[in-house]
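Going down the list, the sequences are from chains A and B. Residue numbers for the first sequence follow this note's numbering, beginning at -8 and rising by one. Residue numbers for the second sequence follow this note's numbering, beginning at 2 and rising by one.
Keep in mind that the hints were calculated from the coordinates and are not lab data. Each hint should be verified, as a subset may be incorrect.
Claimed, not checked - Chain B regions said to be covered by chain A (calculated; three or more residues, Cβ under 8 Å): (1) 80 to 88; (2) 262 to 274; (3) 480 to 494.
Cβ coordinates follow ideal geometry from the N, Cα and C atoms, glycine included.
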Amino acid sequence: MIERLDYATLQHLWWLLCSVVGALFLAMTFVQGGQSLLWQMAKTRTEKDLIINSLGRKWELTFTTLVLFGGALFASFPKFYSTSFGGAYWVWILILFTFIVQAVSYEFRRKPWNIFGSLVYEGFLFLNGVVGILLIGAAVGTFYTGSNFQLDANNFVTWTHPFRGLEAALSPSVSSLFNIAVGLFLVFNARTLGAMYLVNNLELGEVPEMESRLRAACWQNLLLSLPFCLLIVASLLFMRGYGIVDAKGTIEIVSFKYLRNLLANPWLLVLLVAGLGLVIFGAWKTAKTTATRGIWYGGIGTVLIGLTVLLLPAYNNTAFYPSKVDLQSSLTIYNASSSPYTLKVMTYVALTIPFVLAYIAYTWRQMNRNKIGIEDTGDKAAY
Amino acid sequence: MIENLDLGMVNWARAQFALTAMYHWLFVPLTLGISWIIAFFHTIYVRTGSEEWKRLTKFWMKLFGINFAIGVATGIIMEFEFGTNWSNYSWMVGDIFGAPLAIEGIVAFFLEATFFAVMFFGWNRVSKGFHLFATWMVAAGSNLSAVWILVANAWMQYPVGQAFNPDTARFEMQNFFEVAFSPYAVNKFTHATSSSMMLGAFFVISISSWYLLRGRHVLMAKRSIVVAACLGLVASIFTIFNGDESAYEIAQVQPMKLAAFEGLYEGQTNAGLVAFGVINRDKKVYDTQPAFHGFNIHIPGLLSLMANRSFNSFVPGMKDLVYGNAEHDVLGAVQKMELGRKAVASLDAYRQAKKAGDAAAAEVQLAAFDEHKEFLGYGYLNKPEEAVPPVALSFNAFHVMVFLGTLFPLIFIGYLYFSYKGTLERKKWLLGLGTITYILGMIASQAGWIVAEVGRQPWSIQGLLPVTIARTNLTSGTVQTTFFLFLVLFTLLLIAEISIMVKQINIGPEEN
């Protein structure tokens, strides 16, 4: 069957697969959200250790999902990989920096002779939780607002802004506001998810005070995320976009482009509304009842929101990585993808994904059957 | 694209990649190697139910965890560095090079990430059988990830299964299986993983020897040594064999690399392998200076045997490979550059004809391009001497690797022999040597990568794409900044890692 898929179908399929991985990553940022809540939620050493040991069993999955997102984009849309990573250099370097310091922090934080002391490693986790996610959000925002690059005849990138990507969040412009709004939405959403996950995973009976703090934080962060969400949705309804207007692939500014995309693909609207509804329901359940399963609603809701955010700027003849300075340099799923052969090979490889998801789910169930309690933080293997 | 080239930037980008790769490789081989050893320890525990083996397993697992975290930290930067510093490369070969990286993520990283948590925290949470399974899966996942990244690297050394698409100016994959099962990739994988297994064994032996010298944790140390030395001996012998196979492969597809790491300027029949020699750093391929300072020893015929499996065969030297050698039918960089320039010119003419809509002219130019396309990369070199990699560094790295690699099996045999005789504890000289074997193994391993990567210069893709084209359009100041950023960051993290590791070794297994 895969052999008979045509090029355009493969390109759509691979953008979908990359979007699924990206959306799963956003759901898994409950780890980052939890990290950014650490100092606020944990008032004692025990509470801190509990949070770290709960998140510490999952951080690597989130990290790996991000790495796969990069790898999948490299294989399937190499022009995006080369243009964005080579062009928006500083934004990616800073994002990477926050993930490098995250990776050692769980393991090193409580170990004797760790040179810098626990506080520094907790600071690293906070940095990753806030700055890392904020910048990822700003980078995603540029899928809508565009970036400053030009491609030459060989498709080699030249970035035309000295900030090399950081202008997405730092230049005084309306598009920066939009990008920052996306970033802040993701930060607060991650914190909402983080609170939900901790409520789900911790032995709450042992830390009743932290439980109430977590449940309250879940609601507060949801409320903080909503204005940004509204701002983003409202902007999308009115925003100009970058559309492919003819068979040659010419890009032009199209008014109400994303509204048009939503109307052309109403199922995206369904995904978005369902996603937001699930996140709000999950947060409400966590904050206003004694339920502990809110994370499942919040997580699935975030996947749906993430899918909408990543599919909306790419499907329906839209440039998903537009150039503000040279429209014809903009990247679309048609001009940025790998060859049909590579996409087919990768589609065969992708058949293993359900198997991978299955063993992750099985292992997750096995490991999360018992809640994380104080006893777990006393183990010498603990973080 | 060559005209506004900032060579300083290219060199800084290379330095940055070397820095991150070498830091990454400080941790990865230990992960690859010791994960199997821990899996053996864990299996013995599950089979015997002995608490002593459980403590031993947990102890080595703890050290594994400290090392693993920093391996992950230095690893993420590598994946994205292809994009940040080598974006033209990423676009031109993303079709081929991106695939193994994505596959690595799907099939290997998730195995590691998922089962890592079970291995560490599963002691009382999952069944004994599932827990052991998880430990084996961590080893399998780590080594599976090595498969794919080495497939990607091998492709850069020996670009098979691809074709250049003149319309997009990119290299596109034609045959996935040729890429995945390239003989170069197979050798690279076996050599890298067996040498890493050896390094894992040295890690165990180094720490255990130190315990024995101090008279601490004697039983655990002796048990650990026996398991590690058995695996290490097998791995070290295997490493020598597949190392030899790698050298043969290099002689076939990268003769310049071979000539450089042997300091062979003039091609020879019955060429000798250098057993000892001080390479002359100032020698250039075009001058008449001697290749070595003073005294040197060559073992006659051995290089010919290694390169072509025949004592009397001709091994081309760097001069032959730069200026050509008609007698032995060796095409030099001079001739290849000429053909490469023709390929570049035909490619430009083809694209212009295509743009102008002149199909007939385009067809003619394409045919002309096809004739010389295998030399395309040479068309972008400025001087034929650029085809020579840094000789002294390649030579020294290769000989350090080979010298140490030959010594290693003897060390394992020594450990096994005295363990068998029951006198190991009294052999202070061996235990003393044993404590530094991990450092020696690491030096050999790093040297191996220097041979592989420095020896490939000036190419990012052997013969097809020079590093000067592969780069990102960045200023050297930008790359310098990130170079020092990573240098400082990784060095600080390394210091913290070593400090934590030393403390844990000092505490020892009893505290677990």
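How the hints compare with the structure:
no.: 1; hint: 80 to 88; in the structure: holds (count 8)
no.: 2; hint: 262 to 274; in the structure: violated (count 0)
no.: 3; hint: 480 to 494; in the structure: holds (count 5)
This entry does not satisfy hint 2, going by the numbered hints stated previously; all others are met.
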